[in-house]
Amino acid sequence: KAGVTQTPRYLIKTRGQQVTLSCSPISGHRSVSWYQQTPGQGLQFLFEYFSETQRNKGNFPGRFSGRQFSNSRSEMNVSTLELGDSALYLCASSYGDDRLNEQFFGPGTRLTVL
Amino acid sequence: AQKVTQAQTEISVVEKEDVTLDCVYETRDTTYYLFWYKQPPSGELVFLIRRNSFDEQNEISGRYSWNFQKSTSSFNFTITASQVVDSAVYFCALKKNTGNQFYFGTGTSLTVIP
Numbered sequence: 001k002a003g004v005t006q007t008p009r010y011l012i013k014t015r016g017q018q019v020t021l022s023c024s025p026i027s028g029h030r031s032v033s034w035y036q037q038t039p040g041q042g043l044q045f046l047f048e049y050f051s052e053t054q055r056n057k058g059n060f061p062g063r064f065s066g067r068q069f070s071n072s073r074s075e076m077n078v079s080t081l082e083l084g085d086s087a088l089y090l091c092a093s094s095y096g097d098d099r100l101n102e103q104f105f106g107p108g109t110r111l112t113v114l
Numbered sequence: 001a002q003k004v005t006q007a008q009t010e011i012s013v014v015e016k017e018d019v020t021l022d023c024v025y026e027t028r029d030t031t032y033y034l035f036w037y038k039q040p041p042s043g044e045l046v047f048l049i050r051r052n053s054f055d056e057q058n059e060i061s062g063r064y065s066w067n068f069q070k071s072t073s074s075f076n077f078t079i080t081a082s083q084v085v086d087s088a089v090y091f092c093a094l095k096k097n098t099g100n101q102f103y104f105g106t107g108t109s110l111t112v113i114p
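Chains as they are written, first to last, in this note's numbering: chain A, 1 to 114; chain B, 1 to 114.
These are calculated hints, taken from the structure and not from any lab test. Keep in mind it's a predicted model, so treat the numbers as computed, not measured. Hints are supplied without guarantee of correctness; some may be wrong.
Heads up, simulated DSS-like pairs for lysine-lysine below, C-alpha to C-alpha not over 30 Å straight-line [to be verified]:
id, chain 1, residue 1, chain 2, residue 2
1, B, K70, A, K57
2, B, K16, B, K96
3, A, K13, A, K57
4, A, K57, B, K3
5, B, K16, B, K38
6, B, K38, B, K3
7, B, K96, A, K57
8, B, K38, A, K57
9, B, K96, B, K3
10, B, K70, B, K96
11, B, K38, A, K13
Short, incomplete list of chain A residues facing chain B, as computed with Cβ under 10 Å [stated by the list, open to error]:
id, residue
12, R15
13, S27
14, S31
15, Y35
16, Q41
17, F45
18, F47
19, N56
20, G58
21, F60
22, L88
23, A92
24, Q103
25, F105
26, R110
27, L111
From chain B, some residues computed to sit far from chain A (all C-beta separations above 10 Å) [as the list claims (entries may be wrong)]:
id, residue
28, I11
29, V46
30, Y64
31, S73
All C-beta atoms in this analysis are idealised placements derived from N, C-alpha and C, irrespective of residue type, glycine included.
All chains should be modelled from the sequences, with the hints used to inform the complete structure.
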C-alpha cells in the first residue's frame with residue numbers, strides 16, 4: 001500500500017504570495033488532517049477533512065484554507081503569505097471513522113517565505 | 001482542554017544505555033487515545049504505538065516499552081539498549097474520542113552517541 005504523499009516537497013515563496021499544497025492519502029482513507037510544524041510552536045493542528053467536508057478546525061487565521069476532493073485527495077491553501085508561515089506542513093490520513101486508528105503522516109512540504 | 005507536556009527538550013545518551021522519554025497529558029475526557037510518534041531527520045512522523053484510556057496494560061515491542069499510568073496522567077516511553085538509529089525527535093500525542101485532531105507535545109530530541 002502506498003503511503004501518504006505530499007507535493008511539492010519544498011517550496012520558496014515571497015511575502016504576499018499564495019501557495020497551494022497537495023496531499024494524497026493512503027488508499028481507503030477518508031480523513032485528511034493538516035498540521036503546521038515550526039520550531040517555536042511545535043505541531044499545530046490546522047484542519048481535518050472527512051468525505052469532502054471540514055470536520056475540525058484549529059486556531060489559524062482565515063488565510064489558511066483547505067478542501068478535499070471526492071477521491072479524498074486534499075489541498076491546503078495559504079493566501080497573503082507572511083514570514084511566520086515558514087514551516088513544515090504535514091498531512092496525515094486515516095480511516096477517520098469510529099475505529100481506533102492512527103494517523104499516517106506524509107513527508108511534509110517545507111515552505112519558506114522570504 | 002487537552003494538553004500534552006514533554007518536559008525533556010533534548011536528551012543525549014551513549015549507545016546501549018536505556019533512556020526514558022516522559023509524557024504527561026491533561027484531559028477531562030474519560031475516553032481518549034494516546035500515541036507516540038518518531039520523527040527522524042527526514043521529517044516524516046512514524047507511528048510507534050497507540051493506547052486507549054481503558055487499557056493501562058504496559059506494552060513491550062522489542063527494545064521499546066511504554067508505561068501508561070492514568071493515576072499520574074503519564075504515558076512514558078523507554079528505549080532499552082539505545083542505538084544510533086534511535087536518534088530522532090519523539091512526539092507524544094493525545095486524541096479525543098471524537099474527531100481526528102491530535103494534540104501533540106513539543107517533542108523530545110534524542111541523540112544517541114556511538
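These are the hints, each one checked on the structure:
no.: 1; hint: K70/B x K57/A; in the structure: holds (28 Å)
no.: 2; hint: K16/B x K96/B; in the structure: violated (36 Å)
no.: 3; hint: K13/A x K57/A; in the structure: holds (25 Å)
no.: 4; hint: K57/A x K3/B; in the structure: holds (17 Å)
no.: 5; hint: K16/B x K38/B; in the structure: holds (19 Å)
no.: 6; hint: K38/B x K3/B; in the structure: holds (19 Å)
no.: 7; hint: K96/B x K57/A; in the structure: holds (14 Å)
no.: 8; hint: K38/B x K57/A; in the structure: holds (24 Å)
no.: 9; hint: K96/B x K3/B; in the structure: holds (11 Å)
no.: 10; hint: K70/B x K96/B; in the structure: holds (15 Å)
no.: 11; hint: K38/B x K13/A; in the structure: holds (29 Å)
no.: 12; hint: R15; in the structure: violated (24 Å)
no.: 13; hint: S27; in the structure: violated (17 Å)
no.: 14; hint: S31; in the structure: holds (5 Å)
no.: 15; hint: Y35; in the structure: holds (8 Å)
no.: 16; hint: Q41; in the structure: holds (9 Å)
no.: 17; hint: F45; in the structure: holds (5 Å)
no.: 18; hint: F47; in the structure: holds (9 Å)
no.: 19; hint: N56; in the structure: holds (5 Å)
no.: 20; hint: G58; in the structure: holds (7 Å)
no.: 21; hint: F60; in the structure: violated (13 Å)
no.: 22; hint: L88; in the structure: holds (6 Å)
no.: 23; hint: A92; in the structure: holds (8 Å)
no.: 24; hint: Q103; in the structure: holds (6 Å)
no.: 25; hint: F105; in the structure: holds (4 Å)
no.: 26; hint: R110; in the structure: holds (8 Å)
no.: 27; hint: L111; in the structure: violated (12 Å)
no.: 28; hint: I11; in the structure: holds (17 Å)
no.: 29; hint: V46; in the structure: violated (8 Å)
no.: 30; hint: Y64; in the structure: holds (15 Å)
no.: 31; hint: S73; in the structure: holds (19 Å)
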